[in-house]
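Please build the complex by placing chain E on the supplied structure of chain Y, with the hints as guidance.
In order, the protein sequence lines correspond to chains Y and E. Whatever position you read off the first sequence (first residue = 1), add 101 for our numbering. Whatever position you read off the second sequence (first residue = 1), add 101 for our numbering.
The hints are simulated quantities; they were obtained by calculation from the structure and are not laboratory data. Be aware that one or more of the hints could be misleading.
Identical chains blur together in the list; that is why a pair holds if it fits in one copy or across any two.
To be verified - Result set (DMTMM-like, lysine to aspartate or glutamate): computed pairs, CA atoms no more than 25 Å apart in a straight line: (1) K127 with D176; (2) K127 with E170; (3) K258 with E125; (4) K127 with E175; (5) K127 with D177; (6) K127 with E218; (7) K127 with D112; (8) K103 with D176; (9) K258 with D141; (10) K127 with D107; (11) K127 with E215; (12) K258 with D176.
Note that this is a predicted model, so its numbers are computed, not measured.
Below, each chain spelled out in residue letters.
2 protein chains.
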Amino acid sequence: MKFFEDMAVGDTAEIGQHTFTTEEIKAFAARFDPQPFHLDEAAASHSLFGRLCASGWHTACLWMRLATEHRRREDDAQRSRGEPVATLGVSPGFRYLRWLSPVYPGDTITYATEVVELRSSASRPDWGIMTARNTGTNQRGEPVLSFISSVFVERRKAQRS
Amino acid sequence: MKFFEDMAVGDTAEIGQHTFTTEEIKAFAARFDPQPFHLDEAAASHSLFGRLCASGWHTACLWMRLATEHRRREDDAQRSRGEPVATLGVSPGFRYLRWLSPVYPGDTITYATEVVELRSSASRPDWGIMTARNTGTNQRGEPVLSFISSVFVERRKAQRS
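In isolation and in its complexed conformation, chain Y is listed as follows (with noise of 0.2 Å):
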């Protein structure tokens, strides 16, 4: 993780594609969303989705963990380079999470993160707060899953007053 003062609004990345299968869109659907469209062939063609979909919190779960991977590879760089490394704090949430197309088994979606605000804290002067715009996109430039997310982030500690 890159500290508060080296990060910029407008910083993109990609951090990584996940393509869903049949097969872990019905297991997600039947520990967490049970709806049929989200398992069953069948009692999906007569869905307002037409045939069978992810659920979207599978959709946004995905980013969560494609998340997770690409910052261990960020920070596994940094220390590589001889870098510290900063200290992620924790999450106050998230806003404005939209399902925008349904995704369907066969379907790639790459995920990306853009930096959108950063401002310091003022309950905590060690942290800065970073809010990034999270998306996924099909591989047909479809966006399918949009939303903004805001989290702690050290700050490098000669910058601390």
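Positioned in the frame of chain Y, the structure of chain E alone reads:
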């Protein structure tokens, strides 16, 4: 599902409870949120959370499952009384998701929902839009999760214009 006209702002429902086990916290994290404090007790003891805790996405996904099961029980009850059942439409997404306290192994979360807004859909006269505040509260009465969801709900045919 009730029809849009049968809903009222302030309607509340407890949708269910879930007790989070160590095993499922780690299994979810391994698939969707592989951060050390969700995967490993020793690593978690050195983290900001102090001990192993559930991914916030896991806490949210359980809301989805319990909401789906709650709706199914409601639909079954309506059908058993010979009443028609409304169709639930797509969800455009959610807003203001907040993780308010960590969820630790053994915690039992009670999930609830409250209707906070009902409005007609200008573009889809057969549907209304129901907005709800959804919450999770642990066995000590502490809120752990809160978010605002909106979903399209079918109107009674007689009411459509």
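Here is how each hint holds up against the structure:
1. K127 with D176: between (34 Å within a copy, 22 Å between copies)
2. K127 with E170: both (24 Å within a copy, 16 Å between copies)
3. K258 with E125: Classified as neither: same-chain Cα gap 44 Å, cross-chain 37 Å, threshold 25 Å.
4. K127 with E175: between (32 Å within a copy, 23 Å between copies)
5. K127 with D177: between (34 Å within a copy, 23 Å between copies)
6. K127 with E218: neither (37 Å within a copy, 32 Å between copies)
7. K127 with D112: For K127 and D112, the Cα distance exceeds 25 Å both inside one copy (35 Å) and across copies (32 Å).
8. K103 with D176: Within one copy only: 8 Å inside, 50 Å across.
9. K258 with D141: Neither: 54 Å inside a copy, 28 Å across copies.
10. K127 with D107: neither (41 Å within a copy, 33 Å between copies)
11. K127 with E215: So K127 and E215 fail the 25 Å test inside a copy (31 Å) and across (29 Å) alike.
12. K258 with D176: The answer is within: 18 Å in one copy meets 25 Å, while 57 Å across copies does not.
The structure does not agree with the numbered hints 3, 6, 7, 9, 10, 11 stated previously, though it agrees with the rest.
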